Amino acid sequence: AQTVTQSQPEMSVQEAETVTLSCTYDTSESDYYLFWYKQPPSRQMILVIRQEAYKQQNATENRFSVNFQKAAKSFSLKISDSQLGDAAMYFCAYDGGSQGNLIFGKGTKLSVKP
Amino acid sequence: DVKVTQSSRYLVKRTGEKVFLECVQDMDHENMFWYRQDPGLGLRLIYFSYDVKMKEKGDIPEGYSVSREKKERFSLILESASTNQTSMYLCATKRLLVDQETQYFGPGTRLLVL
Chain A
1 AQTVTQSQPE MSVQEAETVT LSCTYDTSES DYYLFWYKQP PSRQMILVIR QEAYKQQNAT
61 ENRFSVNFQK AAKSFSLKIS DSQLGDAAMY FCAYDGGSQG NLIFGKGTKL SVKP
Chain B
1 DVKVTQSSRY LVKRTGEKVF LECVQDMDHE NMFWYRQDPG LGLRLIYFSY DVKMKEKGDI
61 PEGYSVSREK KERFSLILES ASTNQTSMYL CATKRLLVDQ ETQYFGPGTR LLVL
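So the sequence lines, in the order shown, correspond to chains A and B. Residue numbers are given in the numbering used here: position 99 of the first sequence equals residue 99, and the series is strictly consecutive. Residue numbers are given in the numbering used here: position 6 of the second sequence equals residue 6, and the series is strictly consecutive.
For reference, chain A alone in the conformation it holds in the complex (with noise of 0.2 Å):
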């Protein structure tokens, strides 16, 4: 069964500075996608950014990126120049599953300190 795990339950950064969440996951598919999702206290979860396994070039959306690397199944979240509004919980997600739904770890409480 198809695994994941985030082995920061907490994590703090001041102001633009660069942050990294860690992920890793276990499956013994070929062809699959990573997300992470970010949820702001009391708010609605929304999706940060995806990668797509077959593609070997990392995912970047603005000061968001990631480092996918399949062969040690991690797929790291990189925060630069980071905001108030980054502080939230991250979830990193899993989809390869033939039911179509995501696997999740157990989340990272960012906070931002000004």
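Among the clues, some could well be false.
Said to hold, decoys possible - Simulated pairs of lysine to any residue, SDA-like, Cα-Cα distance not exceeding 20 Å:
| hint | chain 1 | residue 1 | chain 2 | residue 2 |
| --- | --- | --- | --- | --- |
| 1 | B | LYS3 | A | LEU47 |
| 2 | A | LYS55 | A | THR24 |
| 3 | A | LYS106 | B | ASN84 |
| 4 | B | LYS57 | A | ALA1 |
| 5 | B | LYS57 | A | GLN2 |
| 6 | B | LYS53 | B | SER65 |
| 7 | A | LYS109 | B | MET88 |
| 8 | A | LYS106 | B | ASP59 |
| 9 | A | LYS106 | B | ASP38 |
| 10 | A | LYS106 | B | ARG110 |
| 11 | A | LYS109 | B | SER87 |
| 12 | A | LYS106 | B | LEU41 |
| 13 | B | LYS3 | A | ILE49 |
| 14 | A | LYS106 | B | PRO39 |
| 15 | A | LYS106 | B | VAL52 |
| 16 | B | LYS57 | A | THR3 |
| 17 | A | LYS78 | A | LYS109 |
| 18 | B | LYS3 | B | PRO39 |
| 19 | B | LYS57 | A | GLY96 |
| 20 | A | LYS106 | B | GLY40 |
| 21 | A | LYS106 | A | LYS55 |
| 22 | A | LYS109 | B | ASP38 |
| 23 | B | LYS18 | B | ARG73 |
| 24 | A | LYS106 | B | ILE60 |
| 25 | A | LYS106 | B | GLY58 |
| 26 | A | LYS106 | B | HIS29 |
| 27 | A | LYS109 | B | GLN37 |
In short, the hints are calculated from the structure, not lab data. Here the structure is a predicted model, which means the values were calculated and not measured.
Keeping the supplied structure of chain A fixed, place chain B upon it in accordance with the hints.
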């Protein structure tokens, strides 16, 4: 933009009550999902549906049932609420089952069972 709405943001019920949580989407997505979110556990799949009147069990279906009579509407039913069902419930939708499309989430319903 995809819009996913849930009938209540906060709900307080008593043990033994029958509880209905409703999710409505406006993007004609085939697939709809119910997740439960608990601190330290991430999101876990309860049930999902890939078509009207079709449903499949997720990882934690015990104590829950679902109904999908119309494509845009997916209801989660707690037949007899118990205190261990106190949680945040998230609905999500996705366009197609076979492609790893992005899932879109509703705002969540925070349920307290007394």
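Mind checking the alpha carbons of LYS55 of chain A and THR24 of chain A for me, to see if they're no more than 20 Å apart? holds (17 Å)
Given the hinted pair LYS109 of chain A and MET88 of chain B, is their alpha-carbon gap at most 20 Å? Within the cut-off at roughly 17 Å; holds.
Can you confirm whether the C-alpha distance between LYS106 of chain A and LYS55 of chain A stays at or below 20 Å? Violated: LYS106 of chain A and LYS55 of chain A sit about 26 Å apart, past 20 Å.
For the pair supplied as a hint, LYS3 of chain B and LEU47 of chain A, confirm whether the alpha-carbon distance does not exceed 20 Å. Distance ~14 Å between LYS3 of chain B and LEU47 of chain A Cα, so the pair holds.
Given pair status - GLY96 of chain A, LYS57 of chain B, alpha carbons within 20 Å: holds (17 Å)
Given pair status - PRO39 of chain B, LYS3 of chain B, alpha carbons within 20 Å: violated (26 Å)
Need the status of pair LYS106 of chain A, ASP59 of chain B: alpha-carbon distance at most 20 Å? holds (15 Å)
Keeping to a limit of 20 Å between CA atoms, is the pair of LYS18 of chain B and ARG73 of chain B held or broken? holds (19 Å)
Next pair to validate is LYS106 of chain A with PRO39 of chain B; report whether the Cα-Cα distance is within 20 Å. holds (8 Å)
Under the criterion that the straight-line Cα-Cα distance not exceed 20 Å, is the pair LYS57 of chain B, THR3 of chain A satisfied? Given that 20 Å is the threshold and the Cα spacing comes to 18 Å, the pair holds.
Is the hinted pair LYS106 of chain A and HIS29 of chain B satisfied, with a Cα-Cα distance of at most 20 Å? Answer violated: LYS106 of chain A to HIS29 of chain B is near 27 Å, above 20 Å.
So if I understand the rule, the pair passes when the alpha-carbon distance is 20 Å or less; does LYS106 of chain A with ILE60 of chain B pass? The given pair, whose Cα atoms are some 16 Å apart, holds under the 20 Å limit.
Comparing the model with each earlier hint shows violations of hints 15, 18, 21 and 26; every other hint is respected.
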